[in-house]
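*Asks:* Since the structure of chain U is provided, determine the placement of chains P and Y on it from the hints.
Chains as they are written, first to last, in the numbering used here: chain U, 1 to 131; chain P, 1 to 131; chain Y, 1 to 131.
Do not rely on the hints blindly, as some may be mistaken.
[To be verified] Computed cross-link-like contacts, DSS-like style, restricted to lysine-lysine with a CA-CA straight-line distance of at most 30 angstroms:
1) P:Lys-102 x U:Lys-102
2) P:Lys-102 x Y:Lys-102
3) P:Lys-35 x U:Lys-35
4) Y:Lys-102 x Y:Lys-35
5) U:Lys-35 x Y:Lys-35
6) Y:Lys-102 x U:Lys-35
7) Y:Lys-35 x P:Lys-35
8) U:Lys-102 x U:Lys-35
9) P:Lys-35 x P:Lys-102
Derived from the structure by calculation, the hints contain no laboratory data.
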Amino acid sequence: MLSLPLTALITLLVLLLLFATGLNVGRARSRYGIKAPAVTGNEMFERAYRIQMNTLENAALLLPALWLYAGFIGDRGAAAMGLVWLIARVWYALAYQSNPAKRGGGFGLSVLAFAGLWIGALWGVARPLLY
Amino acid sequence: MLSLPLTALITLLVLLLLFATGLNVGRARSRYGIKAPAVTGNEMFERAYRIQMNTLENAALLLPALWLYAGFIGDRGAAAMGLVWLIARVWYALAYQSNPAKRGGGFGLSVLAFAGLWIGALWGVARPLLY
Amino acid sequence: MLSLPLTALITLLVLLLLFATGLNVGRARSRYGIKAPAVTGNEMFERAYRIQMNTLENAALLLPALWLYAGFIGDRGAAAMGLVWLIARVWYALAYQSNPAKRGGGFGLSVLAFAGLWIGALWGVARPLLY
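Next up, chain U with everything else stripped away, as it sits in the complex:
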């Protein structure tokens, strides 16, 4: 872990993004008067909630792939693709909040970054097993 500082740094930023999407749901609860445990009843609240859940779903894909890539291939490449993922997910969140139909660009870019990490990690993991 100590030899993968850039990957660790990106991970902390991913947690910050997750925390921010949760905070945003809390703010939307009070702004639009959606009392817990309800998660429906106002379009703007539902957008905030879906942004949080989709970011969580995708962070659960990203983080293991990021660390496997870092461990089996390298710290710098992992951090670079992780940074692309982060930028894509901020883009996704901002676009979704203003208009859900515009969420595709950020989502697609984040999937590309994930796919790069996943394929790289698979290569790093499987290559030694094949010999």
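*Replies:* Chains P and Y alone, transformed into the frame defined by chain U:
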């Protein structure tokens, strides 16, 4: 991490399953005309969405237990139980999509695999602390 | 991993809490007659469901921060803050189930524990990068 290649491989397959359950929700959105941010309104869409969420909830249990077992007990046993979990979760997803009442078998088997990893990991972690 | 046994132990307890919140949703399904894939229709069921989801959202923040703190700073401090987080989340779950308006205390304390781990981990990760 480099000494746990089978566990790493299972982890990549778990990510693939998570990704597939998410893709399935996206397809169900367009097929059944459920526009974001809504996640209700069509039974078949709701099945796809619950399969994704339940798989995510259970992958969040599986992955830490898998790696703790691998680190404190061994790579092969972790990967073997992880593989059982994967098969169980594919069974769960297919059964749930056709009939939610039939989701119990795959779910139950995946809980058994998780329990095996959790108990083994606890034994591996706690034993040295007891002496 | 072998050198971070207390952090591993806390992680296993976090998984137990996540598992318990899921079990509680399953019980609420049968008690209040909410058939899958529905997740709405009864206030008490919805409380159980939101407790599970919020615990999951926050465990996804906690676990990476816990392990980064443990790896870059130390095992004991990580486990101590992880234990505070666990106690806070049990408090949150019990309070929420009886009255959602009372969930703030446990939630706030768990955020403090997370913030301590996150800031400590950032310090541990960033300090060597700055020289």
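*Asks:* Could you run down the list of hints and mark each one as holding or not?
*Replies:* Quick rundown of the hints versus the structure:
1. The suggested pairing of Lys-102 of chain P with Lys-102 of chain U is violated, with an alpha-carbon distance near 37 angstroms, which exceeds 30 angstroms.
2. Restraint check for Lys-102 of chain P and Lys-102 of chain Y: not satisfied, since their Cα atoms lie roughly 37 angstroms apart, outside the 30 angstroms limit.
3. Using a Cα cut-off of 30 angstroms, the hinted pair Lys-35 of chain P and Lys-35 of chain U holds, with the two alpha carbons roughly 23 angstroms apart.
4. Straight-line distance between C-alpha atoms of Lys-102 of chain Y and Lys-35 of chain Y comes to about 28 angstroms, which keeps the hinted pair within the 30 angstroms bound.
5. Between Lys-35 of chain U and Lys-35 of chain Y the alpha-carbon distance is near 23 angstroms, which keeps this suggested pair within the 30 angstroms criterion.
6. The suggested pairing of Lys-102 of chain Y with Lys-35 of chain U holds, with an alpha-carbon distance near 12 angstroms, which does not exceed 30 angstroms.
7. For the hint linking Lys-35 of chain Y to Lys-35 of chain P, the alpha-carbon distance of about 23 angstroms falls within 30 angstroms, and the restraint holds.
8. Taken as a hint, the Lys-102 of chain U and Lys-35 of chain U pair is honoured in the structure, with Cα atoms around 28 angstroms apart against an allowance of 30 angstroms.
9. Distance check on the hinted pair: Lys-35 of chain P and Lys-102 of chain P sit about 28 angstroms apart at the alpha-carbon level, within 30 angstroms; holds.
The structure fails hints 1, 2 (numbered hints given earlier, in ascending order).
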